[in-house]
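So the sequence lines, in the order shown, correspond to chains A and B.
Per the numbering used here, residue -10 is the first one in the first sequence, and the count goes up by one each step.
Per the numbering used here, residue 122 is the first one in the second sequence, and the count goes up by one each step.
Just so you know, these hints were derived from the structure itself, not from any lab.
Some hints could be false.
[As the list claims (entries may be wrong)] In the SDA-like style, the derived pairs of lysine to any residue whose C-alpha atoms are separated by at most 25 Å in a straight line are:
| id | chain 1 | residue 1 | chain 2 | residue 2 |
| --- | --- | --- | --- | --- |
| 1 | A | Lys9 | A | Gln24 |
| 2 | B | Lys161 | A | Gln34 |
| 3 | A | Lys30 | B | Glu167 |
| 4 | B | Lys189 | A | Asp65 |
| 5 | B | Lys205 | B | Ala192 |
| 6 | A | Lys64 | B | Ala186 |
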Amino acid sequence: MCAANDAIDIIHEAEEKATKRIQEAGIAVRQMKEQTEAEVKRILQEAESQTKKAAAVSGSDITKQKEEIERRSRKDLEAVINGIEESARNHRTAAIQVVAKILLGE
Amino acid sequence: MTGVESIVQMIEAKTAERIDQMTREAEEQREIRLKDARQKAAAVAEDIKSKAEKELKSELTKHEASMKLKAKYLVLGTKDKAVKDVLESAAKVAKKEMEGKKCTDILTRFAVEGGTALGSQNLEHAQVAGAISKNVGQKVTVTIAKDTVRASGGLIIRSSDGSKCVDNTFEARMERLTSRMRDEAARVLFQKKSE
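For reference, chain A alone in the conformation it holds in the complex (with noise of 0.2 Å):
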């Protein structure tokens, strides 16, 4: 009858440890789980936040380009404006006789 309490004994005392061996091993999962779950968030943040930042990088050369328009814009303006004035110099005298011909009705 001793025999059979002890054998009860060491069986249960070794189901206790199993239990408590799954029970850590429960715990190191959801500690590995909420790990990979802060890891997923750093991953993601870190990736918006670097993307933003290359983002904002690229953002600031815009003055650049925009600066860069305008002095094409300016260089290209400043030759047709040249043009037109030096055309108009050029045809001055002969426009005004024209548009006063048609003044006196001739």
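Mind docking chain B on chain A? Use the hints.
Frame of chain A, contents of chain B only:
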């Protein structure tokens, strides 16, 4: 090995197996979750990058369009200035002509032009009447009215019954012919080299 030892061993073995399985499954889940996260991160990054590029492009396009519009206004302003200068100078030249030797010729021309437009038969003045008669194809008489016109030059032609009138004063002609004069001035001023 006793029966108890065997049972304990079995419990331990099963426990180890269960723990192994739990750990394996957790690691697999972790790998899957991280892989998903990396893919999502790449998608988020691509989305942010694409939006930023689109905004940049749109901003530059707007800026370029605005610069082109400004340039267009400046070009128009430059042309307008030159045309106005021509119109003002032409008006001075015309006024000088009207005050000079050609005054009679000019007034005659204005009268003929006005009279022809009216097509009236009751105008009097030999030279003018002759020219108008020739233009309209019927005999026309011209009379010079006693009333004076308030203008820096030119004349007003009226049919004898006063129903029709052509204002050929200098000011009226300036106003009436402005559009045509501007067009002509621009055509001559800004003609292409090949013209």
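**OP:** Verify the proposed pairing of Lys9(A) with Gln24(A), using a straight-line Cα cut of 25 Å.
**Re:** Holds, because 22 Å separates the two Cα atoms, which is no more than 25 Å.
Original post:
CA of Lys205(B) to CA of Ala192(B), is that 25 Å or under?
Top reply: Judged against 25 Å, a Cα distance of about 20 Å means the pair holds.
**OP:** Below or equal to 25 Å on CA atoms is what counts here, so check Lys161(B) against Gln34(A).
**Re:** Holds, at about 11 Å.
**OP:** Sort out whether Glu167(B) lies within 25 Å of Lys30(A), counting only the CA atoms.
**Re:** Given that 25 Å is the threshold and the Cα spacing comes to 18 Å, the pair holds.
Subject >> Restraint status (C-alpha distance of Lys64(A) to Ala186(B) at most 25 Å) >> reply: 16 Å, holds
Original post:
If you draw a straight line from the CA of Lys189(B) to the CA of Asp65(A), is it 25 Å or shorter?
Top reply: Within the cut-off at roughly 10 Å; holds.
Against the hints set out earlier in the document, no violation occurs for any number.
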